[in-house]
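Asker: Here is how the chains run, residue by residue.
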Amino acid sequence: METNRKIKVLVTKPGLDGHDRGAKVVARGLRDAGFEVIYTGLHQTPKDIVNTIVQEDPDAVLLSILSGAHNALCPKIMELLKEHNIDDVLVAVGGIIPEEDKEYLKSFGLSGFYGPGTEIKTIVDFVKNNLKR
Amino acid sequence: MTEIEETSQKEETKEKAKHKSRSFRNLSDIEIKRLYKPQDISEFKYEQALGEPGKYPYTRGPYNNMYRGRLWTMRQFAGFGTAAQTNERFKFLIEHGQTGLSVAFHLPTIYGYESCDERSLGEVGKEGVAIDTLADMETLFDGIDLSKISTSMTINAPATILLAMYIVVAEKQGVSPEKLRGTIQNDILKEYIAQKSWIFPPEPSMRLIVDTIEYCTHHVPQWYTISISGYHIREAGSTAVQELAFTLADGFAYVEAAMERGLHVDEFAHRLSFFFNAHNNFFEEIAKYRAARRIWAKRMKNKYGAKKPESMRLRFHTQTAGVSLTAQEPENNIVRVAYQGLAAVLGGTQSLHTNSYDEALCLPTEKAVRIALRTQQIMAHETGVADTVDPLAGSYYVEWLTDKMEEEANNYFDQIEELGGVIPAIKKNFFQKEIANASYKYQREVERKERIIVGVNKYKSKEDSTPDILKIEDEVALKQLQLLSGVKKKRDNAAVKDTLGELKEAAQGTENLMPYIINAVRDYASIGEIIGTLKEVFGIYREDSIF
Chain A
1 METNRKIKVL VTKPGLDGHD RGAKVVARGL RDAGFEVIYT GLHQTPKDIV
51 NTIVQEDPDA VLLSILSGAH NALCPKIMEL LKEHNIDDVL VAVGGIIPEE
101 DKEYLKSFGL SGFYGPGTEI KTIVDFVKNN LKR
Chain B
1 MTEIEETSQK EETKEKAKHK SRSFRNLSDI EIKRLYKPQD ISEFKYEQAL
51 GEPGKYPYTR GPYNNMYRGR LWTMRQFAGF GTAAQTNERF KFLIEHGQTG
101 LSVAFHLPTI YGYESCDERS LGEVGKEGVA IDTLADMETL FDGIDLSKIS
151 TSMTINAPAT ILLAMYIVVA EKQGVSPEKL RGTIQNDILK EYIAQKSWIF
201 PPEPSMRLIV DTIEYCTHHV PQWYTISISG YHIREAGSTA VQELAFTLAD
251 GFAYVEAAME RGLHVDEFAH RLSFFFNAHN NFFEEIAKYR AARRIWAKRM
301 KNKYGAKKPE SMRLRFHTQT AGVSLTAQEP ENNIVRVAYQ GLAAVLGGTQ
351 SLHTNSYDEA LCLPTEKAVR IALRTQQIMA HETGVADTVD PLAGSYYVEW
401 LTDKMEEEAN NYFDQIEELG GVIPAIKKNF FQKEIANASY KYQREVERKE
451 RIIVGVNKYK SKEDSTPDIL KIEDEVALKQ LQLLSGVKKK RDNAAVKDTL
501 GELKEAAQGT ENLMPYIINA VRDYASIGEI IGTLKEVFGI YREDSIF
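Chains as they are written, first to last, in my numbering: chain A, 1 to 133; chain B, 1 to 547.
Derived from the structure by calculation, the hints contain no laboratory data. Hints are not guaranteed to be accurate.
So the derived label-pair ranges between C-beta atoms look like this [claimed, not checked]:
1) B/Glu418 <-> A/Glu36: 45 to 55 Å
2) A/Tyr104 <-> B/Glu52: 24 to 34 Å
3) A/Asn130 <-> B/Glu331: 28 to 38 Å
4) A/Lys47 <-> B/Val454: 52 to 62 Å
5) B/Glu418 <-> A/Lys128: 40 to 50 Å
6) B/Glu260 <-> A/Arg133: 53 to 63 Å
7) B/His219 <-> A/Ser107: 21 to 31 Å
8) A/Lys128 <-> B/Arg448: 14 to 24 Å
9) B/Val454 <-> A/Asp125: 19 to 29 Å
10) A/Lys82 <-> B/Lys179: 52 to 62 Å
11) B/Asp498 <-> A/Gly117: 16 to 26 Å
12) A/Asn130 <-> B/Arg448: 22 to 32 Å
Since we're looking at a predicted model, the values are computed, not measured. Glycine included, C-beta positions come from ideal geometry on N, C-alpha and C.
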């Protein structure tokens, strides 16, 4: 990828969860770190999110979930991406993800799993180092 | 100069420099002095600033006797899975000495969706109990006498419906509405500001709230109609001052709306209660609660013309700060919660929820819930803090800080007024921006180690301690869907259609909707059906996604 293009990141809140402090802080932190950031706001269905991905073509998608609905919603997003033949976007999850669910989510190609207390720098480095394109 | 002397001198200078640069600012960014003296509160006059406890302006507490008369209510928020599972947890809590119930609903109920809605995918029974129809509510309170217990329901946009269900469950137990005690959160303004579980636009939402106030004033007189909440504003990342100011501003807006309906302030104001957060900065929190009581009392008396003392007396529930819990070394959270709970008690709270130490990882396990409740019991019975009323009154620091919090809150009230009031300020994203800025600033301070969080940015331990966690099984969703379809088969569907039609018609006019909602609930109309009907008339709300 060309060197001077900004990395484009989509920050989004799947499901009905309203805890958006973390997502907003991460969105702003990434923007301050030089990324191009789109924040979808709350209450996105997997379909909404995949439609946004198709339209915006981000390099990375950060899903924020603190409601416990991750096992249902995240795989659904990955399936829909597959249907759209999108496989070069980094999709990561943050929020409250119990240890034993991480393996399950990994099997769908999801990564990240940053929880409360994570420094923004950690997320910045993670995105930079794990891009798929 | 010897080498050792030189080194130690260097270190001393370094230490001094460090000391100088270390900032002593609380979480509201108020600079704290080294020492407070009489001149810091030179204007202080006991009667005006504090008054006796139970007397205007209630700074020292809403009651004369405070905890000597009655301890605060230990009210642990609980709810998960199906109504039957939560019913068991309630009975467990009652057995362990809890004196009031507090219901957490799952997100579909909070947003007015049925469990079988596409949007409920993955959410059923996860963050709270699944309630679709009156049948679930009957199970939830099975074997619990509603004339004896007080129940707090954390529900906002569909609050009218859950209150209606509670009234009908009581009716079936043979308990009349005037005997019911409890609270619905019913605070939609803070949803637009912070928690985001809105459904309708602000104006029809305010109508529903005034409907509950009006209805309860006449029929359910012991019910607290709104729990005006700063908790979520704080959890969304606000400072203590913002929590104080935005919450009270919301309170003023509700009072004004009810007065516009034609109610006199003394008819309903005593059934408004508050809900605050207890965060890490100990004295700041205490000052916040004391300032809140004083501001409210003054405003109710001077601006809204309240005559009855009960209308001026601010009473509140407190929950310790979920946002302060760390996923790292979660056991440390037990200590955080104890300090936060102590601040709430020293600030004169009427009820308290202490968080469980594992909540940054999962929904609380039974062990964690028990420790959280025990933390309150130890405080109440072993420490002696409840023996005298408002023990920190007269402290130069605490009185100075209480004044300062009031002053800063007043600045915010002026800004909100300039924007045209709370609803216009919401539409201009004023609160949302203020909170997002404060929250980002806090995060930066933590990352620069200007604020220390033990086990997170200092004293990190290498070993990872992962406690046992509570998992909600996916069978819950399946079970709930079966329950819901069972109810829909059994009920009189023609009657449901009729009552929903009547509700819709009433919604198009200006009548109080509570009686119509009670009728729909009694016929086992689901939350999704009732909310769906109202959406047809009221429309839905959309927010700008700012960050």
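Asker: If any of the earlier hints don't hold here, list their numbers in rising order.
Answerer: Checked against the structure, the hints that fail are numbers 1, 2, 4, 7, 11, while the rest are satisfied.
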